[in-house]
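J.: This is what each chain is made of:
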Amino acid sequence: MKLKSLLLTLMTIILGSFLLSSCGCSYSEASMPLGQTVAKINEKADFTTITELRSREIGNVLNASASIKSNSVDNKMLSYRFTWFDKDGFQVGTPGPWTPISLTAGSNTQVQGTAPNPSAKTFKLNVCA
Amino acid sequence: MKIFKTLTAIVFASSLLVACSGGVQYTDPGAVDTTGLGFGSTDLQTTVQTMVSGLLTFPPVVQLTSKERPILFVAGVKNTTNQQINTDMINNMMMTQLIQSGKFRFTDMSVVKKMRDQLNYQSDSGNVDPQSVIKIGQQVGAQYMLYGSVSAIEKSGDGKTSMYFLVSMRLMNIKTGIVEWADQKQIRKVQS
Numbered sequence: 001m002k003l004k005s006l007l008l009t010l011m012t013i014i015l016g017s018f019l020l021s022s023c024g025c026s027y028s029e030a031s032m033p034l035g036q037t038v039a040k041i042n043e044k045a046d047f048t049t050i051t052e053l054r055s056r057e058i059g060n061v062l063n064a065s066a067s068i069k070s071n072s073v074d075n076k077m078l079s080y081r082f083t084w085f086d087k088d089g090f091q092v093g094t095p096g097p098w099t100p101i102s103l104t105a106g107s108n109t110q111v112q113g114t115a116p117n118p119s120a121k122t123f124k125l126n127v128c129a
Numbered sequence: 130m131k132i133f134k135t136l137t138a139i140v141f142a143s144s145l146l147v148a149c150s151g152g153v154q155y156t157d158p159g160a161v162d163t164t165g166l167g168f169g170s171t172d173l174q175t176t177v178q179t180m181v182s183g184l185l186t187f188p189p190v191v192q193l194t195s196k197e198r199p200i201l202f203v204a205g206v207k208n209t210t211n212q213q214i215n216t217d218m219i220n221n222m223m224m225t226q227l228i229q230s231g232k233f234r235f236t237d238m239s240v241v242k243k244m245r246d247q248l249n250y251q252s253d254s255g256n257v258d259p260q261s262v263i264k265i266g267q268q269v270g271a272q273y274m275l276y277g278s279v280s281a282i283e284k285s286g287d288g289k290t291s292m293y294f295l296v297s298m299r300l301m302n303i304k305t306g307i308v309e310w311a312d313q314k315q316i317r318k319v320q321s
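Residue numbers (this note's numbering), protein chains in the order written: chain L, 1 to 129; chain D, 130 to 321.
Since the hints were made in silico from the structure, they are not lab data. We treat Cβ as the ideally placed atom computed from N, Cα and C, and that holds for glycine. Keep in mind that a hint or two might mislead.
Said to hold, decoys possible - Below, a sample of chain L positions facing chain D; criterion: calculated Cβ distance under 8 Å:
| hint | residue |
| --- | --- |
| 1 | Val61 |
| 2 | Asn63 |
| 3 | Arg81 |
| 4 | Gly93 |
| 5 | Pro118 |
So here's chain L without its partners, still in its complex pose (with noise of 0.2 Å):
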């Protein structure tokens, strides 16, 4: 019986290791509706919520922030980016760059970009905590 019981925890720690190597991170995402410069939201994942979206156009590009709640009692790295698209849905260029930010337990961070072109009309942000 505990050779049984030695067997399942172990079995247990080879497949929780699986699991934790191939699950990185906790993901959300965010989309700005088409025409709207302000969408209060509740976009929660394990550590963070996306609480608000705001865009808007400096020269004729589009310039977008996002609110970005810890829910975490620890201070956390977590990484953000925006994809860009078209009045029609179409993405423009490539999705930005996943960008490293430290974010402090439990409080409050604005993020922000800058559409590629001004073709870009609205955008969508991911988070991965």
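Once you've looked at the hints, dock chain D against the given chain L.
T.: What follows is chain D alone, placed relative to chain L:
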């Protein structure tokens, strides 16, 4: 005994999975690269993103690009660190993204000799229809120069190594010598 067989099967299957996942794999080029303290792909991409975003949203530059597409040339990014950083990648990525913004045009100093060779071929070889020969001396000069530097501070202690990069870029009006725009990106990494 049965449990031994099950365990053996699981271990075997896991080893097969590990074996199959080995070798070369394609991955997202925009993924965060944490493989070392050096200036990596994430540093390159986020630096260029910061610079291009800064340039496209800086009010005097917005005003400038609302009327025309200024002509720039990239003078280069100077590496003052003791690391090997391919700064041509910063130049190329900046140039590509700024052209794709539709706000700027560039002259490319890296191909001047090849361009001159082609112009000489057209005018001197006798192989090109004289009516289609492009005459020398019609190129448009750059109005602005884009340049910058990468510097670093490396510190070690308490079993940790800290690396700090400062990338600075500037846009100078060649006619007046005035620096019209400047921005910087700070990156700090710690490895224990």
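J.: So, against the hints stated earlier in the document, which numbers end up violated here?
T.: none
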